[in-house]
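There are 2 protein chains.
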Amino acid sequence: MKPRLLCPGPTPAPEETLLELARPVTFHRSAQFRAVVKEVTEDLGKVFGTKQPVMTITASGTGAMEAATSNLLVPGGKAICLISGRWGERWRGLCKAFGVTAIEITVPYGEAVPPSALEKALAEHPDATVVFSTLSETATGVVNDIQGYAAITRNRPQVLVVDGISGLGVMPCPMDEWGVDVVVTGSQKALMLPPGLAFIALSEKAWKVVEANYALPNPPRTFYFDLRKYRDNLKGNDTPFTPANTLVKALRLSLKRLLEEGLENCYRRHARMAAAARAAAQGLGMELLAKTPSNGLTVFKVPAGVDGQAILGVLEKEHGIRIAGGQDVLKGKILRLAHMGYIDFFEVLAAVSALELALPKFGHAVTPGEAVAACQKAYTATA
Amino acid sequence: MKPRLLCPGPTPAPEETLLELARPVTFHRSAQFRAVVKEVTEDLGKVFGTKQPVMTITASGTGAMEAATSNLLVPGGKAICLISGRWGERWRGLCKAFGVTAIEITVPYGEAVPPSALEKALAEHPDATVVFSTLSETATGVVNDIQGYAAITRNRPQVLVVDGISGLGVMPCPMDEWGVDVVVTGSQKALMLPPGLAFIALSEKAWKVVEANYALPNPPRTFYFDLRKYRDNLKGNDTPFTPANTLVKALRLSLKRLLEEGLENCYRRHARMAAAARAAAQGLGMELLAKTPSNGLTVFKVPAGVDGQAILGVLEKEHGIRIAGGQDVLKGKILRLAHMGYIDFFEVLAAVSALELALPKFGHAVTPGEAVAACQKAYTATA
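So the protein lines, in turn, are chains C and V.
Converting from the first sequence to our numbering requires adding 953 to each position, the first position being numbered 1.
Converting from the second sequence to our numbering requires adding 953 to each position, the first position being numbered 1.
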């Protein structure tokens, strides 16, 4: 059976990227590798939409989230966490670990945090110094209004931090243009690389906060995630620690592919795949969870009485299609179909087709062809 | 020109490992991947010589060093750092970042820290709770007497932490047998994988210190490196964060290769390569820097008046041989020839041959064949 991966991370990597990973290992302190670091950093800057250096950290995406938290805040600090799901909750968990008071602005799963809620929170907590947010909430498939948040924070002292892990490269989030202060992302989503690298960029405003924190008598306690080290080494196109250099060399190829497609085309492709996936909902007899859906994944609510985990099993065992279920309290209750990075429309169509084949086994009747036709129609309409 | 990598990390990876890295990306929350995690963790336990869980962290080796520091100590704590070079100095840097007083026991470059120095330091600083050490000091090619340190700490309250990054899998360091409390290593040395993964295991004694620290009013401030998360997830063969899963799957193959060779055979192979490399010194007219040399790399002192960096350039440009130079104050003054992991004797011979070819260009006369013959003789004698 032919396997197809449509999970919201890790996502598939292009063939040329995978083949690069099979090439012999090379030394990382060399002119050749510095040239790769230079090129990758410049290309990441285009994806981030920033003139600031985009730093590459060998870590999971959470590592870059920790770098943001530990460099921007010290114990006793206060931050506002805009929470629309599990990944927003991660910011809260990071605040707790770092002794930071987290003001939680939480919305029900499926909803986005409105900018007005941030406005209100800032009025109530003017002493909060950081706002943590999530571009694409991978747990619910919701996209949050980052531009709206930035419009509020850009003329205030607060630093706006965005978890862009499953959103950057999928939907616009131009850091400098919108006035976003910090963006973090990971390698294994729209950047079309296996997991292992995380990325982070800071605005001038954010760097000032970081520098001030390190000048405190009780400065940030971190060595591996000390962002000043990454920034300073990048001036010589170098890294502070032995980087996952084979991944960095492979990233170069994935970024080339992304930028050859063009950012606008890439966003449009994701929007079309998303429109197609959402259009399948009616034919599949399932509702969408997200009220403001992300273009990176579509989340279907599993019909009452049907075990979502069992559907995943049938999709994988009988059709080779790997999509994701829900996490924590959403486990068994939702299906998460990713359409980002190197996943294309025809794979989305295949996944919808497999759902049409599988759902009747669970007593959930569908009209064969209705969902795939709706998919095709929506994709055609957005051409 | 055929490239050959003989740097002390990253080292070459076996072909089957590289090819695994080119396979399609898969989902990490699956029975298949949990089986890989289980197998890899068991195999790592054999290499570490411990029944404790060996935890895999997506990070450079320094990430695991940070995990040890941040989990075992809190600001205001005191640790003894046994420093025989740049990598021992890294422990000092970590202590500083975490607000820990570092008692430095430093020896000149090329020497090992004698266990008697630890004995003395502990008598003077009985309030130190952690001892940081280095198995193979990659900066100078020195091996330290970890067994000797452990004999001192095993019946005392202090926790012995070993940086095994370029030593584990090269020379014996059986954690449980010797009574070592914490061992950290990285993927890119004797474990024959590209960089990107770090590993750490803790004795029961060390775990007790960690648990006590997290129960403090001012506990360790870390989320990504909270070792309890890794340990607890491992019980279900899972990971707390998205792991670099393609590297983990490739590691499985490198570990199989290592264990099929057998640990004792592997140590013996490294000892023979090391004997051969050291034997080349006389013929090359260069002294060894290390008084107690590591079996993972051999460090030659560059003859007076010769620029070591220039030798590196000739080796690489004219012969495709990549060895390493010195770092910091040793830059230009030493040559570091690695013989670890997937590097074999014939590559060591090639590097020695290239040195015989290159050195005369720098006014340093050698008798062609003398060094390679000595190499061959030593390798034969240790068969």
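It is worth saying that the hints were derived from the structure and are not from the lab.
Mixed in with the good hints there might be a few duds.
Since the list gives no way to pick out one identical chain from another, each pair is judged satisfied if it fits inside one copy or across any two copies.
Calculated lysine-lysine pairs in the DSS-like style (CA-CA distance at most 27 angstroms, straight line) [what the hints assert, rightly or not]: (1) Lys-1284 / Lys-991; (2) Lys-1188 / Lys-1270; (3) Lys-1031 / Lys-1049; (4) Lys-1284 / Lys-1314; (5) Lys-1073 / Lys-999; (6) Lys-1270 / Lys-999; (7) Lys-991 / Lys-1270; (8) Lys-991 / Lys-1073; (9) Lys-1031 / Lys-1158; (10) Lys-1073 / Lys-1330; (11) Lys-1182 / Lys-1049; (12) Lys-1031 / Lys-1330; (13) Lys-1284 / Lys-1182; (14) Lys-1330 / Lys-1244; (15) Lys-1330 / Lys-999; (16) Lys-1158 / Lys-1244; (17) Lys-1270 / Lys-1049; (18) Lys-991 / Lys-1182; (19) Lys-1188 / Lys-1073; (20) Lys-1270 / Lys-1244; (21) Lys-1188 / Lys-1049; (22) Lys-991 / Lys-955.
Against the structure, the hints:
Taking the shortest Cα distances, Lys-1284 and Lys-991 sit within 27 angstroms of each other only across copies (24 angstroms), while inside one copy they are farther apart (42 angstroms). Within a single copy, Lys-1188 and Lys-1270 get their C-alpha atoms only as close as 49 angstroms, which misses the 27 angstroms cut-off; across copies the closest is 26 angstroms, which meets it. For the homomeric pair Lys-1031 and Lys-1049, the shortest alpha-carbon distances inside one copy (10 angstroms) and between copies (25 angstroms) are both at most 27 angstroms. Within a single copy, Lys-1284 and Lys-1314 get their C-alpha atoms as close as 20 angstroms, which meets the 27 angstroms cut-off; across copies the closest is 68 angstroms, which misses it.
When the C-alpha separation of Lys-1073 and Lys-999 is checked against a cutoff of 27 angstroms, the pair qualifies neither within a copy, at 33 angstroms, nor between copies, at 56 angstroms. In the homo-oligomer, the alpha carbons of Lys-1270 and Lys-999 never lie at most 27 angstroms apart, since the shortest distance is 40 angstroms inside one protomer and 34 angstroms across protomers. Taking the shortest alpha-carbon separations for Lys-991 and Lys-1270, only the inter-copy value of 22 angstroms comes in at or below 27 angstroms, while the best intra-copy value is 43 angstroms. For the identical chains of this complex, Lys-991 and Lys-1073 are neighbours neither inside a copy (42 angstroms) nor across copies (48 angstroms), given an alpha-carbon limit of 27 angstroms.
Taking identical chains as interchangeable, the C-alpha atoms of Lys-1031 and Lys-1158 lie at most 27 angstroms apart only when both belong to the same chain, with a minimum of 17 angstroms there against 36 angstroms between chains. Taking identical chains as interchangeable, the C-alpha atoms of Lys-1073 and Lys-1330 are never at most 27 angstroms apart, the minima being 42 angstroms within one chain and 79 angstroms between chains. For a Cα distance limit of 27 angstroms, the shortest separation of Lys-1182 from Lys-1049 qualifies both inside one copy, at 25 angstroms, and across copies, at 15 angstroms. In this assembly of identical chains, Lys-1031 and Lys-1330 lie within 27 angstroms of each other by CA distance neither inside one copy nor across copies; the values are 48 angstroms within and 67 angstroms between.
In the homo-oligomer, the alpha carbons of Lys-1284 and Lys-1182 lie at most 27 angstroms apart only across protomers (21 angstroms), although the nearest pairing inside one protomer, at 40 angstroms, exceeds that limit. In this assembly of identical chains, the alpha carbons of Lys-1330 and Lys-1244 lie at most 27 angstroms apart only when taken from the same copy (22 angstroms versus 75 angstroms across copies). Taking the closest pair of Cα atoms, Lys-1330 and Lys-999 never come within 27 angstroms of each other, the shortest separation being 33 angstroms inside a single copy and 57 angstroms across copies. In this assembly of identical chains, the alpha carbons of Lys-1158 and Lys-1244 never lie at most 27 angstroms apart, being 33 angstroms within a copy and 51 angstroms across copies at closest.
For the identical chains of this complex, Lys-1270 and Lys-1049 are neighbours neither inside a copy (40 angstroms) nor across copies (52 angstroms), given an alpha-carbon limit of 27 angstroms. Proximity of Lys-991 to Lys-1182 under the C-alpha cut-off of 27 angstroms is restricted to the intra-copy arrangement: shortest distance 16 angstroms within a copy versus 35 angstroms between copies. When the C-alpha separation of Lys-1188 and Lys-1073 is checked against a cutoff of 27 angstroms, the pair qualifies neither within a copy, at 40 angstroms, nor between copies, at 43 angstroms. Taking the closest pair of Cα atoms, Lys-1270 and Lys-1244 never come within 27 angstroms of each other, the shortest separation being 31 angstroms inside a single copy and 60 angstroms across copies.
For the identical chains of this complex, Lys-1188 and Lys-1049 are inter-copy neighbours only, at 24 angstroms across copies versus 33 angstroms inside a copy, given an alpha-carbon limit of 27 angstroms. With identical chains, the CA atoms of Lys-991 and Lys-955 are at most 27 angstroms apart between copies only, with a shortest distance of 26 angstroms across copies and 38 angstroms within one.
Hint check: violations occur at hints 5, 6, 8, 10, 12, 15, 16, 17, 19 and 20; the rest are consistent with the structure.
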